[in-house]
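With the hints as a guide, bring the two chains together.
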Amino acid sequence: MKARIVFMVCLGMIAGASGCLTSSNGQANLLQTAAPLKTENEMLSALGTPKSCTLLENGDRLYTYFSNTGKGMGFKAKYSGIPIVEVQNSQRATDGIAIIVNPHGRIVSQNVLSDQTRSLSYQLSPF
Amino acid sequence: MNTSLRHIFVAHLAAWSMLFIVSGCTFHKSVINDEVRHMDTSFIRPNETTAHDIVMRLGPPPPPPDNLQREKVFTEDFLRYSCIETKTTRFEIGYILILPFAWSDTQAIDEILVEFNPDRTVRNVVRTQRETRWAPLASEESRAPAKTQRTPKGGTR
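Heads up: the sequence lines are chains H and F, in that order. Residue 61 in our numbering is what sits at position 61 of the first sequence, and the numbering runs on without skipping anything. Residue 154 in our numbering is what sits at position 27 of the second sequence, and the numbering runs on without skipping anything.
For reference, chain F alone in the conformation it holds in the complex (with noise of 0.2 Å):
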């Protein structure tokens, strides 16, 4: 076999090894309650705006997903809304035998909770969103801080 007809045999054996390698590579992403992150709470006044007047005005919180049932979204004291956003990369190389590797991140992108005074009138609002990463192409020192914002500033007393 000549030199040319080497390289070529060997670059396409190359394509060929890269095309089964990322064809077994998945990225997938997901995003629960997405109309969480488009909410404005610039309304809610403390001491004044009741549980009523943000339930008629934003709905009520949407259910948390099935994994995270156990959180409540509501109580006598609190309303939380939240999106959850969830990145996963998948690599499954082998066609018999299959080692799946598999890396998950799952945050909740935009969170609001408003908390309430015992007359039922709001006490603050606290909002915090943060970014999910793709794991493990993104390192945990990556990611970049959550941003909290709370009404009233410095909170009541």
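Just chain H, same shape as in the assembly (with noise of 0.2 Å):
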């Protein structure tokens, strides 16, 4: 039994280092090949299919990619199949691009937004 605990806590260990809980959503590597573009044809070469595109009042239009990335820790509990306890600690980062293109094609704009959300859920059972 002690031997277990130790090689639990020591897995905990790792796990908490390299984040066990890991997703992605979105536009793989977005901000990485987000240099400075010049034109539409290179924004869509190096972005691809916009998320959204809105047509602006003086002609401009505006086009937005967004991408997501969790990375978390948690350990779950369980008796007979029964879940007794469960913790989740994660963090969610969400990067996004605003790019106006003028009429002809040309980059006017070019903005990079980002968040980070942090969440803890806990569940005890059967409370």
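Treat the hints with care, since some could be wrong.
Stated by the list, open to error - Okay, derived cross-link-like pairs now, DSBU-like style, lysine-lysine, Cα gap no bigger than 30 Å in a straight line:
1) H:Lys-71 with F:Lys-199
2) F:Lys-274 with F:Lys-156
3) H:Lys-71 with F:Lys-274
4) F:Lys-274 with H:Lys-38
5) H:Lys-76 with F:Lys-156
6) F:Lys-156 with H:Lys-71
7) F:Lys-274 with F:Lys-199
8) F:Lys-156 with H:Lys-78
9) F:Lys-156 with F:Lys-199
10) F:Lys-199 with H:Lys-38
Claimed, not checked - Residues of chain H clear of chain F, computed beta-carbon distances all greater than 12 Å:
11) Gln-91
12) Val-108
13) Ser-109
14) Leu-124
As the list claims (entries may be wrong) - Chain H side only, calculated, beta carbon under 7 Å to chain F, not exhaustive:
15) Leu-21
16) Gly-48
17) Ser-52
Rather than coming from a laboratory, the hints here were simulated on the basis of the structure. Just so it is clear, CB atoms sit at the ideal spot from N, CA and C, and this is done for glycine as well.
Below, the structure is given as structure tokens:
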């Protein structure tokens, strides 16, 4: 029993160091590929299909791209299939890029938008 | 215990240990809106085809999955069709105290954006195809670059 606990603690430390729960969603490497761009063609080649496109009043077009990545760690305990406790600490980052293109296909503005969310959830059964 | 019996015992122990470890490993793949991958957009002619023509031929854009509900699939300015694939690798070890290891990658593996002019004719069609990866078995660097096609080539002015 002692050996098992030591093994679990070691595994927990490895998991904590590496982030045992990871997820990515949206365009991979969005920010790395988003070096300053000059034209609409360059934008589409580098970033692919935009998530949205909006025609502005002055004839320019606003394009947006998004990517989410999540990382966290947690553990759960079950006894005979019944969940006893579940804890999860996670962190999610959303990166976005907003690009304005003029009617001639030239990029007039490129902004990076980022936000981070942290969450801690736990469940203690049967309460 | 003689040597051959010991070898048999060790082999059995190793086999059971492997079975124990492997039984906690799961691979899950899901594809949402798979029909988008088979959509033929070659009938779309820039500055001629209208939004109505596209909806009548391809149908309305399918809704995004629950976790991507904030992404719009149509407005006055565009229609977006996307096929979403998720690959998840899980490794759960332990019987009473469980440490869940999970890696998940979600990508729009086929995404079509049809952009309209103010008169509701097509301005551009952009289609991108990407790959998802089995994390952590495949690294981010091993992912093949996305392929993007644009109609008309070079874009409109």
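Now for the hints, and whether the structure bears them out:
Our distance criterion of 30 Å between C-alpha atoms is met by Lys-71 of chain H and Lys-199 of chain F, whose separation comes to about 26 Å. Taking the CA atoms of Lys-274 of chain F and Lys-156 of chain F, the gap is about 22 Å. The hint holds against a cut of 30 Å. Distance hint between Lys-71 of chain H and Lys-274 of chain F is fulfilled; the C-alpha atoms sit about 28 Å from each other, no more than 30 Å. Proximity of Lys-274 of chain F to Lys-38 of chain H is assessed by CA-CA distance (about 20 Å); at most 30 Å being required, the pair is judged to hold.
Only pairs whose Cα atoms come within 30 Å are accepted, and Lys-76 of chain H paired with Lys-156 of chain F is accepted, the gap being roughly 24 Å. A hinted pair counts as satisfied when its Cα atoms are at most 30 Å apart, and Lys-156 of chain F with Lys-71 of chain H qualifies at roughly 20 Å. Taking the CA atoms of Lys-274 of chain F and Lys-199 of chain F, the gap is near 22 Å; set against the 30 Å cutoff, the hint holds. Only pairs whose Cα atoms come within 30 Å are accepted, and Lys-156 of chain F paired with Lys-78 of chain H is accepted, the gap being roughly 26 Å.
Distance check on the hinted pair: Lys-156 of chain F and Lys-199 of chain F sit about 24 Å apart at the alpha-carbon level, within 30 Å; holds. Straight-line distance between C-alpha atoms of Lys-199 of chain F and Lys-38 of chain H comes to about 26 Å, which keeps the hinted pair within the 30 Å bound. The claim that Gln-91 of chain H is not at the interface with chain F holds, since no C-beta of that chain comes within 12 Å of its own (minimum 15 Å). Distance check for Val-108 of chain H against chain F: the nearest CB is about 15 Å away, which clears 12 Å, and the non-interface claim stands.
Interface exclusion of Ser-109 of chain H from chain F stands, the closest Cβ pair being 18 Å apart, more than 12 Å. No Cβ of chain F approaches the Cβ of Leu-124 of chain H within 12 Å, the least distance being about 15 Å, so the stated non-interface status holds. Below 7 Å, beta-carbon pairs count as interface contacts, and Leu-21 of chain H has one with chain F at about 5 Å; its hint therefore holds. Interface restraint check for Gly-48 of chain H: the shortest CB-CB distance to chain F comes to about 4 Å, inside 7 Å, so the restraint holds.
A hinted interface residue such as Ser-52 of chain H counts as satisfied when its beta carbon comes closer than 7 Å to some beta carbon of chain F; here the least separation is about 6 Å, so the hint holds.
Going through the hint list in order, the structure satisfies each hint without exception.
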